[in-house]
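Novice: Protein chains in written order, with this note's numbering: chain A, 1 to 151; chain B, 1 to 151; chain C, 1 to 151.
Any given hint could be a false lead.
[To be verified] In the DSS-like style, the derived pairs of lysine-lysine whose C-alpha atoms are separated by at most 30 Å in a straight line are:
(1) K6(C) <-> K43(C)
(2) K6(C) <-> K87(B)
(3) K87(B) <-> K87(A)
[Said to hold, decoys possible] If you anchor each label on the Cβ, the simulated ranges turn out as follows:
(4) M1(C) <-> T101(B): 21 to 31 Å
(5) A21(A) <-> R8(B): 46 to 56 Å
(6) T57(C) <-> D82(B): 47 to 57 Å
(7) T101(B) <-> D9(A): 46 to 56 Å
(8) T13(A) <-> D82(C): 42 to 52 Å
Think of the hints as simulated: they come from the structure by calculation, not from any bench.
All C-beta atoms, glycine included, are put in the ideal place defined by N, C-alpha and C.
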Amino acid sequence: MSVYDKLRDLKVTLATPDPPAAAFLPTVRTGNLLFVSGHIARKDGKPWTGKLGSDLTTEQGKEAARATAIDLMSTMQAALGDLKQIKRIVKLLVLVNSAPTFAEQHLVANGASELLQEVFGSPGAHARSAIGVAALPASACVEIEMIAETE
Amino acid sequence: MSVYDKLRDLKVTLATPDPPAAAFLPTVRTGNLLFVSGHIARKDGKPWTGKLGSDLTTEQGKEAARATAIDLMSTMQAALGDLKQIKRIVKLLVLVNSAPTFAEQHLVANGASELLQEVFGSPGAHARSAIGVAALPASACVEIEMIAETE
Amino acid sequence: MSVYDKLRDLKVTLATPDPPAAAFLPTVRTGNLLFVSGHIARKDGKPWTGKLGSDLTTEQGKEAARATAIDLMSTMQAALGDLKQIKRIVKLLVLVNSAPTFAEQHLVANGASELLQEVFGSPGAHARSAIGVAALPASACVEIEMIAETE
């Protein structure tokens, strides 16, 4: 089953990504590594704001991480032309806007990790760090950066 | 002196790592780079909890970082079969669960950096960032991710 | 126009970097990737301290990020002998010491990103993540780590 069959199955639609809101590129490729810039979570086209542990539940954070993974895939598709160019997902850094006592960043991050594994299968499994940060651009609740290996 | 002689000398025992507590892999290898997922500090098999600058001293944080480096070596050994496959340690990202005024993340991080250099000698010296984060999974005091170069 | 012409034009002087203040190397090269350690912002040779959103304005943070980019270039020059060895800037991780409500980390980070693009031109454009952290070593306001591709 191809990546695109999987996306259709999951009713996930990839969009044309907006250009970055600041002075950087969405991706840079060096050798066969694709570095994907930190993407903040978005909902209805606007930053998905809030802090885990005060404004949002773990389940909401997980949905935000899943939405961010969809945006990361849209960005990779725009960069590479075709997601079949992805040999594997290498690593995620998942940044969760956290109140000082919130301790479930790993469960929030699963929203992205599980979707990538559903879509890419075994090559979608990856190394990862999930951490709780004091604040994020535009008060977003989640930001994710990624490294992928290309063909 | 081999890595294993050094570990014996230092009375450091590598254990069989537990599987990750969430939807990710402990390591991913791409080319000759090994990306090691963020490992939280553990004590007596449980998360080593607390915040630097309020609950724990810099010295305690440094011990937690050292313990985490041991777990990172255990994970690399499990992934590669033998630590002699490590050509050099490339980079650490050391995340220190910090009260807003704590400013000694670099001294905490030395607990990991110094041990890696004792064990691996000059190829154990590495690039590094040490930062203070608002919160970590399971309320851990320290989390470390690593990139190593393999033979 | 060469990198050094550009630096002269901008009246930017690269200095001999101080050795790291802790147990790590300023850079590590693996294959054609140069990993540059997290550099904290400095002003008049001392840590540029303060928290965005309480002690410093976004504009001041942007200046601090620009100053840090100069130090990163100084470090790369010391490591490689000549900045012409840089094929491109691959990725920045920009850490902004942030009060919990500060939301302009991306604008702070532009201070570094814009300078790198002025100096290196199109190969200076890079992937990036900008995040708000609870605390940084020596109470610095900004810390930046970088990956560059070398010839």
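Novice: Against the 30 Å threshold, does the CA-CA distance of K6(C) and K43(C) hold or violate the hint?
Specialist: Cα-Cα ~22 Å, so holds.
Novice: Could you grab the alpha-carbon distance between K6(C) and K87(B) and see if it respects the 30 Å cut-off?
Specialist: 38 Å, violated
Novice: Can you confirm whether the C-alpha distance between K87(B) and K87(A) stays at or below 30 Å?
Specialist: Holds, at roughly 24 Å.
Novice: Between the beta carbons of T101(B) and D9(A), is the distance compatible with 46 to 56 Å?
Specialist: Check passed, 50 Å falls within 46 to 56 Å.
Novice: For the pair M1(C) and T101(B), does the Cβ-Cβ distance stay inside 21 to 31 Å?
Specialist: 45 Å, violated
Novice: Confirm or reject the claim that T13(A) and D82(C) have a C-beta distance inside 42 to 52 Å.
Specialist: 48 Å, holds
Novice: Quick check: does the Cβ-Cβ distance between T57(C) and D82(B) fall within 47 to 57 Å?
Specialist: 53 Å, holds
Novice: Is 46 to 56 Å respected by the C-beta to C-beta distance linking A21(A) and R8(B)?
Specialist: With Cβ atoms ~53 Å apart, the hint holds.
In summary, the structure is inconsistent with hints 2, 4 from the numbered list given earlier, while agreeing with the others.
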